[in-house]
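Enquirer: Quick one: dock chain against chain with the hints and give me the complex.
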Amino acid sequence: MADTSVELCGIRLTNPVIAASGTFGYGYEFAGLYDINCLGTFSFKGTTHKPRFGNPTPRIAEAPAGLLNAVGLQNPGVEAVISQELPKLKACFHKPVMANVSGFSVEDYVYTCSMLDQEPQVGWLELNISCPNVHGGGMSFGTDPAAAGAVVRAVKAVTTKPLIVKLTPNVTDITAIALACEEAGADGLSLINTLLAMRIDLDTRRPVLANGTGGLSGPAVFPVALRMVWQVARAVHIPVVGLGGVSSAEDLLEMMLAGATAVEVGAANLVDPYACRDIVLDLPRVMEKYGIEKISDIIGAAHG
Amino acid sequence: MRQGIFTVEENAPLTGRVRRLRLRGDPGPVEPGQFADLRIEGCFLRRPFSVCDAAENSLTLVYRVLGRGTETLAALLPGDELDVLTGLGRGFDLGLAEERPVLLGGGLGFTPLFLLARRLRERGTQVSVRLGFQSGDQALYEEAFRALGCETLVVTQDGSRGEKGLVTDFLPEEASCFYACGPVGMLRTLCEKAPCPGQLSLEARMGCGFGACMGCTVQTAAGPRRVCRDGPVFGKEELLWQTQV
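Line by line, the protein sequences give chains A and B.
Letter 118 of the first sequence, counting from 1, is numbered 118 in my numbering, and no numbers are missing.
Letter 197 of the second sequence, counting from 1, is numbered 197 in my numbering, and no numbers are missing.
Hints were generated in silico from the structure; no laboratory data involved.
By construction, the Cβ of each residue, glycine as well, lies at the ideal position given by its N, Cα and C atoms.
One or more of the hints may lead you astray.
Here are the simulated SDA-like cross-link-like pairs (lysine to any residue), alpha carbons at most 20 Å apart as the crow flies [as the list claims (entries may be wrong)]:
{"hint": "1", "chain 1": "A", "residue 1": "K95", "chain 2": "A", "residue 2": "T204"}
{"hint": "2", "chain 1": "B", "residue 1": "K193", "chain 2": "B", "residue 2": "L166"}
{"hint": "3", "chain 1": "A", "residue 1": "K90", "chain 2": "A", "residue 2": "V110"}
{"hint": "4", "chain 1": "A", "residue 1": "K50", "chain 2": "B", "residue 2": "A222"}
{"hint": "5", "chain 1": "A", "residue 1": "K95", "chain 2": "A", "residue 2": "R12"}
{"hint": "6", "chain 1": "A", "residue 1": "K50", "chain 2": "B", "residue 2": "K193"}
{"hint": "7", "chain 1": "A", "residue 1": "K88", "chain 2": "B", "residue 2": "K193"}
{"hint": "8", "chain 1": "A", "residue 1": "K50", "chain 2": "B", "residue 2": "L166"}
{"hint": "9", "chain 1": "A", "residue 1": "K294", "chain 2": "A", "residue 2": "I11"}
{"hint": "10", "chain 1": "A", "residue 1": "K50", "chain 2": "B", "residue 2": "T220"}
{"hint": "11", "chain 1": "A", "residue 1": "K88", "chain 2": "B", "residue 2": "P224"}
{"hint": "12", "chain 1": "A", "residue 1": "K50", "chain 2": "B", "residue 2": "M1"}
{"hint": "13", "chain 1": "A", "residue 1": "K50", "chain 2": "B", "residue 2": "Q219"}
{"hint": "14", "chain 1": "A", "residue 1": "K88", "chain 2": "B", "residue 2": "D230"}
{"hint": "15", "chain 1": "A", "residue 1": "K88", "chain 2": "B", "residue 2": "M1"}
{"hint": "16", "chain 1": "A", "residue 1": "K50", "chain 2": "B", "residue 2": "P224"}
{"hint": "17", "chain 1": "A", "residue 1": "K156", "chain 2": "A", "residue 2": "E107"}
Some chain A residues flagged as far from chain B (calculated, every beta-carbon gap over 10 Å) [what the hints assert, rightly or not]:
{"hint": "18", "residue": "V71"}
{"hint": "19", "residue": "F104"}
{"hint": "20", "residue": "T159"}
{"hint": "21", "residue": "A176"}
{"hint": "22", "residue": "E182"}
{"hint": "23", "residue": "A235"}
{"hint": "24", "residue": "A301"}
Extracted from the complex, chain B is given alone in its bound form (with noise of 0.2 Å):
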């Protein structure tokens, strides 16, 4: 974990209410899977956000605007500065991605997954992509995961873009590992219904972030365990589903 100040350089609208977020700053070494916790003025709570991509002096967050917390972050303008923290909790395991990873998204869950999808391609590493959303209008990053390299196919439920149904209903038979974040219904079909190991990254409601205040833990197969520190990214053997809806 770091604490820096990072300037806002583009706060921009995608699709209805989602925004991209890009910053200047040093974020550290930043893993995939792992977040960043911005304190926004107004709010006592920092709000945590998956972390799409990061490079040495940069970092983008793509957010959906849902309260007040996001409403603030969204009236930012380049130049505006942004007290963030950096490197915060356990981010996907590459190593799971010996031979052919599939990455599952549904709706902003795929904001994680850009970023190892950049890893794992820097690696040489062949990569599906499966992106999951309600209807074709809210689709996002189809293109920026086809620039990486990797063969990516849009899922929508009401069919008005690429396939129509959901993005569990398309992994691929040759996958030999998945990687995903999405609702945790989506998460919970794919544990049952993916032959192959995988890991999934979890949402929640955080106090700090870092640890801290035990405020977003989850029972797990080895017990207690915090999103945020513990997570966001845990083993499918990992999760017990009784206890997380």
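Looking at chain A on its own, in the form it has when it is part of the complex (with noise of 0.2 Å):
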């Protein structure tokens, strides 16, 4: 019996797929189609201190092997997320939940983290510091290293509960604001979120997204991601959760040879409601196909 389980941050996961943030919900829209307790956890829509009603439409356009979003951190706010949607989400998942948060300040963050610590099915922060979406915050904490420091610490300062910061991958050197983060106490990294990108509609000649700019995810991104996983877990000494394109149970494989602790599973879930369904189940036949009796062994074994 092929063993799928591993560990992130303390917390034991019976296997590494995690339905990644803004793609899942809160897990009760797919909780009518199977018990998602069947995943090892998923990362719920991304919550900032205030509601957001995101940017404008169309906020989706089509890509080659994926596609653009330009949501822009819809969400209810943090005190509508506690008393609202997280006791939906407690009825029909029973595992410790990744938060997603992001924000504006360096207070914000602080402010929605310290709230969200406190929620007892709550497993891990994920820090969103690489949303390309939004203006004035968002992204520009992922991409200098000393703001992405700033707020790694500033919220464990607040926190108890393992922090995993998740980065972009529109920098130069990925490794730096990983090595950064490390170093202001993170206790795990996620990556990648989405490459920025555009697409013109040829009829109107204006940009298809009213945002102009939007984020590329899905299997286009894929070997993108692979890469900067790898680059990534070889500078750093905590665990990094790998995400960007993953469609398949042979996905993932690649994504922990290169290093990833866990993955994520985000566009895939858009296109195909099943999908993270569909690899946990798929996980045990991969990985007898490859010889793999217990995933954990194969964690950057890429590596050498």
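Expert: Following this line, the structure appears as structure tokens:
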């Protein structure tokens, strides 16, 4: 029997499959289709201090082997997430969940993280310093090592749960940001967020997205994400969660070989609502095919 | 929502670039106003289409060939298979139609109204239908609505068929409520002109089609709502037009 379990920052996952933030709602949207407790866990929709409508529509555009989104962190704000969404989440998911947090200032991140840190079901905080679709926050923290370190240090000072920092690929050297987060006390890193991208409508001669630009995700970004996971895993000593275009159990194994302790699945959920479940179900077969008995044995194995 | 593999039975042109796709397969329970989301070869995202008609083992969609996705769809032949999500979205509330409902479609907006008309007629409700098109050569489904027993009027902008004008100019006085689908301008005019309650089906560029990605959000009186999950049908009083155009 294949052993699919992994340990992420001190918490055991029955398998390394994590549904990525922004593609899985608060879980209950998918719980009508299958028992979502088969997942390792999931990262719920990015939460900010105040409610956010997000960007104007169109927010979504097709891309070769992927999509662009410029949703802009639509969410009801941390208070409503705690009072309205988490009770519904708890009714259908019984494992520790990952709370994804975004903000526009260090104070924002500190406030939202300290609120979610008190929620018993929250296992990890995932600090999104990499959203490309908001102005005056988000990614600006994730593109400068000093700013990234400062926000991580401030959040660590007010939280008790493992802090996983979600990194942007829109930088020259992702390892510099990764090292700054590790030094500031991050317990883990997740990467990559979406790649800044755009499409233009030939009829209107204007960008397809109302926001102009958006973030590219899906199979198109998988090799880029894999390369960055490889680089970061080599540079740091804390666990790395790999994401970016993962859509099969084979992709997941590649990510783990590159150094990921666990793997998030994002865009695939949007075209196939059963994507995460199917990867979980398929994992033992693919492990057997490649002679893997214990999945944690292969973490970083490609580094030799 | 359910996922199923459907087989193409018919994929025939109706007028111009508009085609009808009849699929064989079990769509599960389908409410009028709900939509189906099709996986199309060569496209990453699924493509959503209003359900025009549904029965125990069939699903009918009417679509216009507009881009790469619908071009690929148009090339499908009987016997080809499609991965389809059905039962998506919140449909029309039939409870609104106590007395004399009027159904107003602009262009291809008639599609979700056809299944609605069928369900209302099954309950014995007297139904008026107003179908608006740019010109007579684009008019569709007039006889199909009549065959259901609906009092049906076609309105064309150039007067080449039926009445001349806009569909919103032909709201029956006796209407107790309206159900509508069509261009935003038409829906907005209708909400301003119609004295009775009504429900409208919105169109949106969607990501997932089932509420996960927040790609199709509109602002409503009750706050941000997802067209795919909280709609596509909304009550007249819910919509705030300034944020939708």
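Enquirer: Please go over all the hints and tell whether each is borne out by the structure.
Expert: For each hint, the structure was consulted:
1. A/K95 to A/T204: Cα-Cα ~48 Å, so violated.
2. B/K193 to B/L166: holds (13 Å)
3. A/K90 to A/V110: Not satisfied, since the Cα-Cα distance of roughly 24 Å exceeds 20 Å.
4. A/K50 to B/A222: holds (17 Å)
5. A/K95 to A/R12: holds (10 Å)
6. A/K50 to B/K193: violated (37 Å)
7. A/K88 to B/K193: violated (40 Å)
8. A/K50 to B/L166: violated (43 Å)
9. A/K294 to A/I11: Answer holds: A/K294 to A/I11 is near 17 Å, not above 20 Å.
10. A/K50 to B/T220: Distance of about 18 Å is within 20 Å: holds.
11. A/K88 to B/P224: Distance of about 19 Å is within 20 Å: holds.
12. A/K50 to B/M1: violated (32 Å)
13. A/K50 to B/Q219: holds (17 Å)
14. A/K88 to B/D230: holds (17 Å)
15. A/K88 to B/M1: holds (19 Å)
16. A/K50 to B/P224: holds (14 Å)
17. A/K156 to A/E107: Between A/K156 and A/E107 the Cα gap is close to 13 Å, so the pair holds against 20 Å.
18. V71: For A/V71, whose nearest Cβ neighbour in chain B is about 5 Å away, the distance does not exceed 10 Å, so it is violated.
19. F104: holds (18 Å)
20. T159: holds (26 Å)
21. A176: holds (31 Å)
22. E182: holds (31 Å)
23. A235: holds (32 Å)
24. A301: holds (31 Å)
Checked against the numbered hints given earlier, this structure breaks hints 1, 3, 6, 7, 8, 12, 18; the rest are met.
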